[in-house]
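For the record, in the sequence shown the residue sitting at position 52 is 51 according to numbering that gives the first Met the number 0, with numbers rising by one throughout.
Worth double-checking, as some hints may not be accurate.
[To be verified] Lysine-lysine pairs mimicking DSS-like chemistry, simulated, CA-CA at most 30 Å apart:
| no. | residue 1 | residue 2 |
| --- | --- | --- |
| 1 | K97 | K55 |
| 2 | K55 | K92 |
| 3 | K55 | K18 |
[Stated by the list, open to error] For each label pair, taking beta carbons as the anchor points, the in silico distance ranges come out as:
| no. | residue 1 | residue 2 | range |
| --- | --- | --- | --- |
| 4 | P102 | A77 | 35 to 45 Å |
| 5 | N42 | N69 | 33 to 43 Å |
| 6 | A47 | A70 | 29 to 39 Å |
| 7 | G68 | L94 | 30 to 40 Å |
| 8 | P44 | T67 | 30 to 40 Å |
| 9 | R15 | R91 | 18 to 28 Å |
For the record, the hints were derived by calculation from the structure and aren't laboratory data.
Being a predicted model, the structure only gives us computed values, none of them experimental.
Note that beta-carbon positions come from the ideal geometry of N, C-alpha and C, so glycine has one too.
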Amino acid sequence: MSQNLAHHNYSNAQTRSVKDAEIDVILETTRRLRRANQMRAENFPDFASALRDNCKLWIVLSADVASTGNALPESLRARIFYLGEFTQEHTRKILSNKLSADPLIDINLSVLRGLTNKKDSQ
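Take these sequences, add in the hints, and give me the full structure.
The following block contains the structure:
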């Protein structure tokens, strides 16, 4: 049984697209941020760690859209880059002023919706 599962997982890894991987990373980062946000008062270090991971995600996304080889339309690239800047700035404000992380979660969910809608239409 475990050999079949291992083969299935290996096969899935071989056929997964870059978009599937992006969706998985954004989804997991968002889930973790949402859970940590709900437990913020009880476990602030986990909340801060989830914020840090979300910032890392947006640094990678921003770097990707800033690269010359990125094939997305320029206007979309600019919007994604701006969202990355907003995420970094809002995270600093969350940590210093105790603002809500809800806007960051909403941004991630919007990006996920865009990725899954685009994937479904292909």
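To see whether the hints hold, each was checked on the structure:
no. : hint                      : result
1   : K97 with K55              : holds, 20 Å
2   : K55 with K92              : holds, 16 Å
3   : K55 with K18              : holds, 18 Å
4   : P102 with A77: 35 to 45 Å : violated, 19 Å
5   : N42 with N69: 33 to 43 Å  : holds, 37 Å
6   : A47 with A70: 29 to 39 Å  : holds, 35 Å
7   : G68 with L94: 30 to 40 Å  : holds, 34 Å
8   : P44 with T67: 30 to 40 Å  : holds, 39 Å
9   : R15 with R91: 18 to 28 Å  : violated, 34 Å
The structure fails to meet hints 4 and 9 from the earlier list, while all remaining hints are met.
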